[in-house]
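Student: Got chain Z; can you put chain A on it based on the hints?
These protein sequences, in sequence, are chains Z and A.
So the first sequence is residues 0 to 353, counted in numbering that gives the first Met the number 0.
So the second sequence is residues 0 to 296, counted in numbering that gives the first Met the number 0.
The set of hints was computed from the structure by calculation and includes no laboratory data.
Quick caveat: nothing in here was measured; it's all calculated off a predicted structure.
Ideal Cβ positions, reconstructed from N, Cα and C, are used throughout, including at glycine.
Where hints are given, some of them may not hold.
[Said to hold, decoys possible] Cross-link-like lysine-lysine pairs, in silico, DSBU-like; alpha carbons within 35 Å at most:
hint: 1; chain 1: A; residue 1: K80; chain 2: A; residue 2: K106
hint: 2; chain 1: A; residue 1: K123; chain 2: A; residue 2: K80
hint: 3; chain 1: Z; residue 1: K277; chain 2: Z; residue 2: K22
hint: 4; chain 1: A; residue 1: K80; chain 2: A; residue 2: K120
hint: 5; chain 1: Z; residue 1: K346; chain 2: A; residue 2: K129
hint: 6; chain 1: A; residue 1: K189; chain 2: A; residue 2: K123
hint: 7; chain 1: A; residue 1: K244; chain 2: A; residue 2: K63
hint: 8; chain 1: A; residue 1: K129; chain 2: A; residue 2: K80
hint: 9; chain 1: Z; residue 1: K346; chain 2: A; residue 2: K120
hint: 10; chain 1: A; residue 1: K189; chain 2: A; residue 2: K244
hint: 11; chain 1: A; residue 1: K123; chain 2: Z; residue 2: K142
hint: 12; chain 1: A; residue 1: K80; chain 2: Z; residue 2: K277
hint: 13; chain 1: A; residue 1: K129; chain 2: Z; residue 2: K277
hint: 14; chain 1: A; residue 1: K106; chain 2: A; residue 2: K197
hint: 15; chain 1: Z; residue 1: K142; chain 2: A; residue 2: K106
hint: 16; chain 1: A; residue 1: K123; chain 2: A; residue 2: K197
hint: 17; chain 1: A; residue 1: K129; chain 2: A; residue 2: K189
hint: 18; chain 1: Z; residue 1: K277; chain 2: A; residue 2: K120
hint: 19; chain 1: Z; residue 1: K142; chain 2: Z; residue 2: K277
hint: 20; chain 1: A; residue 1: K129; chain 2: A; residue 2: K106
hint: 21; chain 1: Z; residue 1: K277; chain 2: Z; residue 2: K346
hint: 22; chain 1: A; residue 1: K244; chain 2: A; residue 2: K197
hint: 23; chain 1: Z; residue 1: K277; chain 2: A; residue 2: K123
hint: 24; chain 1: Z; residue 1: K346; chain 2: Z; residue 2: K142
hint: 25; chain 1: A; residue 1: K120; chain 2: A; residue 2: K106
hint: 26; chain 1: Z; residue 1: K346; chain 2: A; residue 2: K106
hint: 27; chain 1: A; residue 1: K106; chain 2: Z; residue 2: K277
hint: 28; chain 1: Z; residue 1: K22; chain 2: Z; residue 2: K346
hint: 29; chain 1: A; residue 1: K80; chain 2: Z; residue 2: K142
hint: 30; chain 1: A; residue 1: K106; chain 2: A; residue 2: K123
hint: 31; chain 1: A; residue 1: K120; chain 2: A; residue 2: K63
hint: 32; chain 1: A; residue 1: K120; chain 2: Z; residue 2: K142
hint: 33; chain 1: Z; residue 1: K142; chain 2: A; residue 2: K63
hint: 34; chain 1: A; residue 1: K120; chain 2: A; residue 2: K197
hint: 35; chain 1: A; residue 1: K106; chain 2: Z; residue 2: K22
hint: 36; chain 1: A; residue 1: K123; chain 2: Z; residue 2: K346
[Unchecked claim] Ranges between beta-carbon positions, derived for each pair:
hint: 37; chain 1: Z; residue 1: W146; chain 2: A; residue 2: S181; range: 36 to 44 Å
hint: 38; chain 1: A; residue 1: Q81; chain 2: Z; residue 2: L297; range: 49 to 57 Å
hint: 39; chain 1: Z; residue 1: F340; chain 2: A; residue 2: S181; range: 41 to 49 Å
hint: 40; chain 1: A; residue 1: Q81; chain 2: Z; residue 2: T199; range: 53 to 61 Å
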Amino acid sequence: MALSDDTADGERQRKLPFSAFLKGAWQVLWTVLITMIGLLAVTFIIGRVMPIDPVLSVVGESASQATYDAAYKELGLDKPLITQFLLFLGNVLQGNFGESLLTARPVSQDLIRVFPATLELATVGIIIGIVLGVPLGVVAAVKQNSWIDHIARVIALIGYSMPVFWIGLIGLLVLYGQLGWVSGPGRLDIFYVDIVPTVTGMILVDSLLARDMDVFWNAVSHIILPAGLLAYYSLAYISRMTRSFMLEQLEQEYITTARVKGLSERAVIWRHAFGNVKVPLITVIALSYAGLLEGSVLTETIFSWPGIGSYITTGLLSADMNAVLGGTVVVGLVFVCLNIFSDLLYKFFDPRAK
Amino acid sequence: MTNLLDVENLTVEFPTRTGPFEAVRDISFSLGRERLGIVGESGSGKSITGRSILRLIRPPGILKANRIALEGTDLQTLSEKQMRDVRGHKISMIMQDPTVSLNPVMKIGDQICEAYRLHAKASKAEARAKTLAMLEAVLIRDPERVFNAYPHEMSGGMGQRIMIAMMLIPDPQILIADEPTSALDVTVQKEVLEIMDKLVRERGMGLIFISHDLNVVSTFCDRVLIMYSGRIVETCRADALHEAKHPYTRGLLNSLPQLEHPVDRLQVLQRDDAWREAASVSGAVKVGAAVKSGKAV
Numbered sequence: 000m001a002l003s004d005d006t007a008d009g010e011r012q013r014k015l016p017f018s019a020f021l022k023g024a025w026q027v028l029w030t031v032l033i034t035m036i037g038l039l040a041v042t043f044i045i046g047r048v049m050p051i052d053p054v055l056s057v058v059g060e061s062a063s064q065a066t067y068d069a070a071y072k073e074l075g076l077d078k079p080l081i082t083q084f085l086l087f088l089g090n091v092l093q094g095n096f097g098e099s100l101l102t103a104r105p106v107s108q109d110l111i112r113v114f115p116a117t118l119e120l121a122t123v124g125i126i127i128g129i130v131l132g133v134p135l136g137v138v139a140a141v142k143q144n145s146w147i148d149h150i151a152r153v154i155a156l157i158g159y160s161m162p163v164f165w166i167g168l169i170g171l172l173v174l175y176g177q178l179g180w181v182s183g184p185g186r187l188d189i190f191y192v193d194i195v196p197t198v199t200g201m202i203l204v205d206s207l208l209a210r211d212m213d214v215f216w217n218a219v220s221h222i223i224l225p226a227g228l229l230a231y232y233s234l235a236y237i238s239r240m241t242r243s244f245m246l247e248q249l250e251q252e253y254i255t256t257a258r259v260k261g262l263s264e265r266a267v268i269w270r271h272a273f274g275n276v277k278v279p280l281i282t283v284i285a286l287s288y289a290g291l292l293e294g295s296v297l298t299e300t301i302f303s304w305p306g307i308g309s310y311i312t313t314g315l316l317s318a319d320m321n322a323v324l325g326g327t328v329v330v331g332l333v334f335v336c337l338n339i340f341s342d343l344l345y346k347f348f349d350p351r352a353k
Numbered sequence: 000m001t002n003l004l005d006v007e008n009l010t011v012e013f014p015t016r017t018g019p020f021e022a023v024r025d026i027s028f029s030l031g032r033e034r035l036g037i038v039g040e041s042g043s044g045k046s047i048t049g050r051s052i053l054r055l056i057r058p059p060g061i062l063k064a065n066r067i068a069l070e071g072t073d074l075q076t077l078s079e080k081q082m083r084d085v086r087g088h089k090i091s092m093i094m095q096d097p098t099v100s101l102n103p104v105m106k107i108g109d110q111i112c113e114a115y116r117l118h119a120k121a122s123k124a125e126a127r128a129k130t131l132a133m134l135e136a137v138l139i140r141d142p143e144r145v146f147n148a149y150p151h152e153m154s155g156g157m158g159q160r161i162m163i164a165m166m167l168i169p170d171p172q173i174l175i176a177d178e179p180t181s182a183l184d185v186t187v188q189k190e191v192l193e194i195m196d197k198l199v200r201e202r203g204m205g206l207i208f209i210s211h212d213l214n215v216v217s218t219f220c221d222r223v224l225i226m227y228s229g230r231i232v233e234t235c236r237a238d239a240l241h242e243a244k245h246p247y248t249r250g251l252l253n254s255l256p257q258l259e260h261p262v263d264r265l266q267v268l269q270r271d272d273a274w275r276e277a278a279s280v281s282g283a284v285k286v287g288a289a290v291k292s293g294k295a296v
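The following block holds chain Z by itself, in its conformation from the complex (with noise of 0.2 Å):
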């Protein structure tokens, strides 16, 4: 009998050599780099097409035209583009920004105080997001046209179609206002601010650190309302996608097999059907926590919440490029990182990506 096929894989199972993985990291380092030097072009260009002055914004408008002239060859505008482009990139690599015209404070510092803030707010929407979504979905693709699926819809309906501020109004105004079950817009009572050292710029990881739990719960306090709110729409958008993907899988034929077995339903869906949605998961995950990085200016505007978002809006409202432009690369930067960050996972999970 031949069994020739036996051999025909054998290579392709041997563990990776070392050199290999190299070849790997390089390929990943590359894109990376292609990626980021895009993103600073694009990014440089935007801050030169933009219909605003940067001399005027500096010197102000009854600045003489000496003084106009001296601040145009300083910002080295006189040279010409492609060098000013090199310079933005040598400077952007040292990680200096260049000064906020509105803290008057280096955009690196800035960027330090204002991204761990939404970096917190995002993080813990995110994880309601996938905790409450990903069951949801599960059941309501399970369920399929059941009273639970309906529910589920409904849900997700709302979350798609609500303006994020009303619901955000209208939650500070029931559970602040009216219940006084969480605590106002910020990130802290003003008592409790800057009690704790600040070694992450995370309130709730710094309290954790300093093991000052009254920080730490009025923290929560503050933190539940707004990053509820976000964690609502991503729930809307994680626990959609989870049900159509489970609908696909159960669909497949190792579904009958598993229960030809003579499995439970419930290692059936969870075992089987749910270890290949994962996969297909983490893309939309990473998306949605990308998405909710790069800072919900309007849920950070009404929760006074002094994240990225409504750094970079204000500085746009303001003519301060030097914090858009900062903002802009650390939030494109985000997203690279997250997206590299899922393709790892995305290998781990799935054993033909390797």
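Tutor: Relative to chain Z, chain A alone:
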């Protein structure tokens, strides 16, 4: 002696826009410790029949039967939990295409161990040893490697041998093979069938072999049911297939090329709507009557 399996008046319906469609219409048959072939064209209801026995007709499909009895116990009276104990453990099924019937993100060894441990309360180490032995039994050369491999790393022939190992490891009494080789290369078909045949004989199991390939069925089965449009139109011994009486069976046989009797032009298969309602030419099956292995009709 009771039969391994008695199916009485099985009907499977699917609701459609134009009213219910009966995929299987009022069929009855029995299975002893023999190899029973079910042959028919696509849509004749043979796969649905196989799945009905395992009670795996998913809603909105509706299964109706007087009796589907496994050694005298009507499977329809069992709870879903009791039925799960029958699936795999007593009646198992080999699916058509191994490339889609194995879980792509689960190691092959884990999938086989899972089937074993579900019914035999064995430790992980015991299950692993048993799985490796089973992989060897289906003539897989390097069981250790295959144990840790994923389905996409296997060829179709290997995949189907893995499927056979997985479905036979809980030692079922009945194996349903639903077109086990139609997704495989012709060269691999024979070796997979021989492995399956050997194991089924060794274990003295009952086999229901669903196929559209008359040649294969007549080689590997003792008895053949011919299905047409949801009905059994004829039952005959596999070695007496050439004596079949029903015009549909004759048509199927005549549309096959024969090496000894070459013809210029093969017959085109004719179908007659009258067959849809006509009774089986082999007469009504005496329900409950024991079938003797390989000889009864």
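Student: Evaluate each hint against the coordinates.
Tutor: Hints and how they fare:
1. K80/A x K106/A: 26 Å, holds
2. K123/A x K80/A: 24 Å, holds
3. K277/Z x K22/Z: Roughly 27 Å between the alpha carbons, so the hint for K277/Z and K22/Z holds.
4. K80/A x K120/A: Within the cut-off at roughly 17 Å; holds.
5. K346/Z x K129/A: 30 Å, holds
6. K189/A x K123/A: 34 Å, holds
7. K244/A x K63/A: Given that 35 Å is the threshold and the Cα spacing comes to 29 Å, the pair holds.
8. K129/A x K80/A: 26 Å, holds
9. K346/Z x K120/A: 34 Å, holds
10. K189/A x K244/A: 28 Å, holds
11. K123/A x K142/Z: 33 Å, holds
12. K80/A x K277/Z: Within the cut-off at roughly 28 Å; holds.
13. K129/A x K277/Z: Roughly 30 Å between the alpha carbons, so the hint for K129/A and K277/Z holds.
14. K106/A x K197/A: 26 Å, holds
15. K142/Z x K106/A: 28 Å, holds
16. K123/A x K197/A: 28 Å, holds
17. K129/A x K189/A: The given pair, whose Cα atoms are some 26 Å apart, holds under the 35 Å limit.
18. K277/Z x K120/A: Holds. K277/Z to K120/A sits at ~29 Å (cutoff 35 Å).
19. K142/Z x K277/Z: 19 Å, holds
20. K129/A x K106/A: It holds: about 16 Å lies between the C-alpha atoms, which stays within 35 Å.
21. K277/Z x K346/Z: 12 Å, holds
22. K244/A x K197/A: 31 Å, holds
23. K277/Z x K123/A: This hinted pair holds, its Cα atoms lying about 25 Å apart.
24. K346/Z x K142/Z: Distance of about 30 Å is within 35 Å: holds.
25. K120/A x K106/A: 20 Å, holds
26. K346/Z x K106/A: Distance of about 15 Å is within 35 Å: holds.
27. K106/A x K277/Z: 16 Å, holds
28. K22/Z x K346/Z: 16 Å, holds
29. K80/A x K142/Z: 19 Å, holds
30. K106/A x K123/A: Roughly 14 Å between the alpha carbons, so the hint for K106/A and K123/A holds.
31. K120/A x K63/A: 34 Å, holds
32. K120/A x K142/Z: 31 Å, holds
33. K142/Z x K63/A: OK: K142/Z and K63/A at ~24 Å, within 35 Å.
34. K120/A x K197/A: 27 Å, holds
35. K106/A x K22/Z: With a Cα-Cα distance of about 27 Å, the restraint between K106/A and K22/Z holds, given a limit of 35 Å.
36. K123/A x K346/Z: 27 Å, holds
37. W146/Z x S181/A: 36 to 44 Å: Between W146/Z and S181/A, where Cβ atoms are some 41 Å apart, the hint holds.
38. Q81/A x L297/Z: 49 to 57 Å: At 56 Å between Cβs, range holds.
39. F340/Z x S181/A: 41 to 49 Å: Since the Cβ atoms of F340/Z and S181/A sit about 43 Å apart, the hinted range of 41 to 49 Å holds.
40. Q81/A x T199/Z: 53 to 61 Å: For Q81/A and T199/Z the Cβ distance comes to about 55 Å; the hint holds.
Checked against the numbered hints above, the structure breaks none of them.
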